[in-house]
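S.K.: These protein sequence lines map, in sequence, to chains A and B.
Numbered per the numbering used here, the first sequence spans residues 8 to 134.
Numbered per the numbering used here, the second sequence spans residues 6 to 828.
Watch out, some of these pointers could steer you wrong.
Within a straight-line C-alpha distance of at most 27 Å, the following computed BS3-like cross-link-like pairs (lysine-lysine) qualify [to be verified]:
#: 1; chain 1: B; residue 1: Lys-797; chain 2: A; residue 2: Lys-36
#: 2; chain 1: B; residue 1: Lys-797; chain 2: A; residue 2: Lys-38
#: 3; chain 1: A; residue 1: Lys-38; chain 2: B; residue 2: Lys-828
Short derived list, chain A residues pointing at chain B, Cβ under 8 Å [unchecked claim]:
#: 4; residue: Pro-28
#: 5; residue: Ala-67
#: 6; residue: Thr-75
#: 7; residue: Ala-83
#: 8; residue: Pro-85
None of these hints come from the bench; they were simulated from the model.
Quick caveat: nothing in here was measured; it's all calculated off a predicted structure.
Think of the CB as a built atom: it goes at the ideal place given N, C-alpha and C, for glycine as much as any other residue.
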Amino acid sequence: MSTIHTTTTSWFFACNTSDVPTNGGVCVKYKEEQIALFYFARRNEWYATQNLCPHRQQMALSRGMTGTVKDEPKVACPFHKKTFSLKDGRCLSDETECSLTTYPVKIVDDKVYIGVDAVMEMADAQI
Amino acid sequence: MVGYKFCEKMIARHSLHPSELVVFGEEPRPAYDRVHLTSWFDGKTADDLLLATAEWYVENGIRLHLGDPVLRIDRENKTVQSHKGVVESYDYLVIATGSAAFVPPVPGMDKKGVFIYRTIEDLEMMKAFAPNARSGAVIGGGLLGLEAAKALLDLGIANTHVIEFSSRLMPRQIDDQGSAILQNKLASLGLKVLTGKNTREILGDDAITGLQFADDTILETDILVVSAGIKPRDELAKAAGLTTGPRGGILVNEQMQTSDPFIYSIGECALFNNMIYGLVAPGYEMAEVAASHITGEAKSFTGFDMSTKLKLIGVDVASFGDPFADPESCHSIVFEDKYKGTYKRINITTDGQFLLGGILIGDAAAYNMLLQTTRNKMVLPANPEDLLLGASRGTSDAGAGVTALPDEAMICSCENVSKGAICQAVTDGHETLDDIKKCTKAGTCCGGCTPMVKDLITATMKAQGKYIRNVVCEHFAYSRQEMLDLIKVKSLRSFDEVLDHYGEGEGCEVCKPVVASILASLWNDMILDKGNDTAQDSNDRYLANIQKGGTYSVVPRIPGGEITPEKLSIIGEIGTKYNLYTKITGGQRIDLFGAHLSDLPNIWEELIAAGFESGHAYGKALRTVKSCVGSTWCRFGLHDSVSFAIRIEERYRGLRAPHKLKSAVSGCIRECAEAQSKDFGIIATEKGWNLYVCGNGGSKPQHAQLLAADIDSETCIRYIDRFLMFYIKTADPLTRTATWLNKLDGGMDYLRNVVLNDSLGIAAQLEAEMQMLVDNYKCEWREVVENPELRKRFSHFINAPEDKDPTVKFETMRAQKKAAEWK
Numbered sequence: 008m009s010t011i012h013t014t015t016t017s018w019f020f021a022c023n024t025s026d027v028p029t030n031g032g033v034c035v036k037y038k039e040e041q042i043a044l045f046y047f048a049r050r051n052e053w054y055a056t057q058n059l060c061p062h063r064q065q066m067a068l069s070r071g072m073t074g075t076v077k078d079e080p081k082v083a084c085p086f087h088k089k090t091f092s093l094k095d096g097r098c099l100s101d102e103t104e105c106s107l108t109t110y111p112v113k114i115v116d117d118k119v120y121i122g123v124d125a126v127m128e129m130a131d132a133q134i
Numbered sequence: 006m007v008g009y010k011f012c013e014k015m016i017a018r019h020s021l022h023p024s025e026l027v028v029f030g031e032e033p034r035p036a037y038d039r040v041h042l043t044s045w046f047d048g049k050t051a052d053d054l055l056l057a058t059a060e061w062y063v064e065n066g067i068r069l070h071l072g073d074p075v076l077r078i079d080r081e082n083k084t085v086q087s088h089k090g091v092v093e094s095y096d097y098l099v100i101a102t103g104s105a106a107f108v109p110p111v112p113g114m115d116k117k118g119v120f121i122y123r124t125i126e127d128l129e130m131m132k133a134f135a136p137n138a139r140s141g142a143v144i145g146g147g148l149l150g151l152e153a154a155k156a157l158l159d160l161g162i163a164n165t166h167v168i169e170f171s172s173r174l175m176p177r178q179i180d181d182q183g184s185a186i187l188q189n190k191l192a193s194l195g196l197k198v199l200t201g202k203n204t205r206e207i208l209g210d211d212a213i214t215g216l217q218f219a220d221d222t223i224l225e226t227d228i229l230v231v232s233a234g235i236k237p238r239d240e241l242a243k244a245a246g247l248t249t250g251p252r253g254g255i256l257v258n259e260q261m262q263t264s265d266p267f268i269y270s271i272g273e274c275a276l277f278n279n280m281i282y283g284l285v286a287p288g289y290e291m292a293e294v295a296a297s298h299i300t301g302e303a304k305s306f307t308g309f310d311m312s313t314k315l316k317l318i319g320v321d322v323a324s325f326g327d328p329f330a331d332p333e334s335c336h337s338i339v340f341e342d343k344y345k346g347t348y349k350r351i352n353i354t355t356d357g358q359f360l361l362g363g364i365l366i367g368d369a370a371a372y373n374m375l376l377q378t379t380r381n382k383m384v385l386p387a388n389p390e391d392l393l394l395g396a397s398r399g400t401s402d403a404g405a406g407v408t409a410l411p412d413e414a415m416i417c418s419c420e421n422v423s424k425g426a427i428c429q430a431v432t433d434g435h436e437t438l439d440d441i442k443k444c445t446k447a448g449t450c451c452g453g454c455t456p457m458v459k460d461l462i463t464a465t466m467k468a469q470g471k472y473i474r475n476v477v478c479e480h481f482a483y484s485r486q487e488m489l490d491l492i493k494v495k496s497l498r499s500f501d502e503v504l505d506h507y508g509e510g511e512g513c514e515v516c517k518p519v520v521a522s523i524l525a526s527l528w529n530d531m532i533l534d535k536g537n538d539t540a541q542d543s544n545d546r547y548l549a550n551i552q553k554g555g556t557y558s559v560v561p562r563i564p565g566g567e568i569t570p571e572k573l574s575i576i577g578e579i580g581t582k583y584n585l586y587t588k589i590t591g592g593q594r595i596d597l598f599g600a601h602l603s604d605l606p607n608i609w610e611e612l613i614a615a616g617f618e619s620g621h622a623y624g625k626a627l628r629t630v631k632s633c634v635g636s637t638w639c640r641f642g643l644h645d646s647v648s649f650a651i652r653i654e655e656r657y658r659g660l661r662a663p664h665k666l667k668s669a670v671s672g673c674i675r676e677c678a679e680a681q682s683k684d685f686g687i688i689a690t691e692k693g694w695n696l697y698v699c700g701n702g703g704s705k706p707q708h709a710q711l712l713a714a715d716i717d718s719e720t721c722i723r724y725i726d727r728f729l730m731f732y733i734k735t736a737d738p739l740t741r742t743a744t745w746l747n748k749l750d751g752g753m754d755y756l757r758n759v760v761l762n763d764s765l766g767i768a769a770q771l772e773a774e775m776q777m778l779v780d781n782y783k784c785e786w787r788e789v790v791e792n793p794e795l796r797k798r799f800s801h802f803i804n805a806p807e808d809k810d811p812t813v814k815f816e817t818m819r820a821q822k823k824a825a826e827w828k
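With these hints in hand, go ahead and build the complete structure from the sequences.
M.R.: Take a look at the structure:
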């Protein structure tokens, strides 16, 4: 008997929009994970990535400075100023560096929700 | 050097005119850089000084006979025979035997401890003898003599005299008035000068003990270096029957041919038009002429400008054109500043149209421009004195000057590179100094033209619209200084306002801290207010220094390093309570490491309750004012350095600047507080304080320089106010004071003029601005501790404020914790 794996996004409540400093980040706890959440107030955009900087394995990205390079939103790690795209998580300052996992964010009634993959296992018998 | 240059010129022509080159040299090593001979004492090795390695000769097919001088020329059979018996035939022979030191016929020259100053071997012998000598003397006050005197100082012989036969130093380059200024400068460096002294005899039985002069005075000395001029090495030519001058030198024509058309002579052994050219640049020109003539071109040597600029023991000396023009046919403008030790003289035609020559001592920044003005017969401005004063007034810069030069203007006279050639190279895409050096050779010999080459690169790129402005980043098309002025004029208070007015995009990790720092330097508002918290660099945002593992360190201010036992105990208790690693810093304070983000406000609440305040160790701000214990306890102390350090630290605490600021106060000349390694350092003197500025430790250490001497405490603070504010307003981002000064047009003289003489008329404004910052100071940690909204921001998880980062790990070392090593 085979199993089909499909993924779907499940949304969890992170915090209120007013908890996040304008043009900055906070760290959100989700189960045993740490997710960095960023708010670009000037263009009303939200982004979320892993909080761990892959360079030196430090839980620090939420404390980094946000900004743009040619309109692409980015964050700079406070440790060594490696910069990562918030769109796709790739490292902008060092091509050989690992990319970040990114997460979708949605705002409903001034509440911030972050989307994480939920693995659905369904036996084909049930289809 | 000239012989090597000739080889280089012949190799360059090799494809068109293949030739077989054989070189004989008397010394045991290939040609080396005699111009920079003194640098051998600064630690350069003989190999560093080589112009080319023995391999270079091999690679270019040149046969090299070292330590084997030619003894005989057989002109009839066109052969030479060397000391070791090698016989080589020639089509053309080039004699570049240079010169030897001229040794005046004074009895006793053969005594131990008497040296000449000419070759690396001479230097080696001097160095071996120097440890026996406590006092030294140099005969000869010319260029080389002063170099030799420096060599003696470098060898540790502090008591050194220079003896000059004529009435002044460097008689061929500078006048009496200039010599007097130079002598004063040298005296302050520990070098004593005796002029008008004719040495009659060298005293001592076996080794030298002193000098007896014609005026019956005696100078005691243990070592003597003779550097009284040069004597062309023409003995080989003379023996071969070539024509030589009555006072030496091998006679040559405009093509550098001797009286035998197959034999050429170049460099210091050649006599052209009754003149021996004892500089490297004309020697190189002679090499070019000889090489071109041998290969069938028609260049000729028509004499050479003997203008020269050099740094003698740290003192700029330059002489150009006709430095002693006849007062009948010219007017001289003379500027003398005995306080600073500068002397400048220019000679202009009686109609005021053209520059004939001049002398610069103490500050030769204008040399290149003045030399070009002379050489190219450029018409002078209406007020020719501006040529002397312009640079130090800071109004006209040399950059504006280079564009006015004609294309033929010779920029690098050592390598014969014109302005046109340099500009062409820049146009061809060589846009850095290194590139230009590589492709044109300009600036590779004496290096004197380097500033001008840089200006030409900038000017040429500017003309092509390529010049890249010194802007902050892609979000702000302004320099830091421009940003500061704009933000001040519009009274902007937040990063967002500044971005709205002058920027584009969202900002980034480069411009955000720059703007945040400017705002703090202008207004000294609480840095986490007005949405500026997220514009701060991460350490400033959390008012602590992030360390490995993501915890923070805490540094309370301990002004002047003075602390009561009670307060010391409290730091110990807090460290124990929060399990912090403690260490004494280099700035006489205590650093507490390993604090979780959420513990920071609690730790500071306790510190503030005990009377501590922020130490700003996390900011580009005033860090510490270190002090020695001073006159209250120390038996040598002149003033109370601790009290003054505390006063200084409390005045400038919280002051944000383009980079961190460190200071120190020493109670006497022993300088235990190391004030001369600080951005501003103060040392007690009998009469008051000496104020030093623009020093730093770190990767490129630089000593601070004396800004003002023997000033009282109030004046000292006023000068520091002006100095710091001027730095804050004009420096590029993340530029320490030392680097800022190095880039400042006019350097220390200019800065001293601004701070002491108020040359820009802004001193009162600078003081007022500083006073405002001082009055606005508040401890930012106190504000956080007392403000629940601000406190909330110091938690790791926004949705679990009580939880600490579970990934933080510590290890144990010497009974304290340390951060787990990162990957």
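S.K.: Confirm or reject each hint.
M.R.: Comparing the hints with the structure gives:
{"no.": "1", "hint": "B/Lys-797 with A/Lys-36", "result": "16 Å, holds"}
{"no.": "2", "hint": "B/Lys-797 with A/Lys-38", "result": "22 Å, holds"}
{"no.": "3", "hint": "A/Lys-38 with B/Lys-828", "result": "25 Å, holds"}
{"no.": "4", "hint": "Pro-28", "result": "5 Å, holds"}
{"no.": "5", "hint": "Ala-67", "result": "5 Å, holds"}
{"no.": "6", "hint": "Thr-75", "result": "4 Å, holds"}
{"no.": "7", "hint": "Ala-83", "result": "4 Å, holds"}
{"no.": "8", "hint": "Pro-85", "result": "3 Å, holds"}
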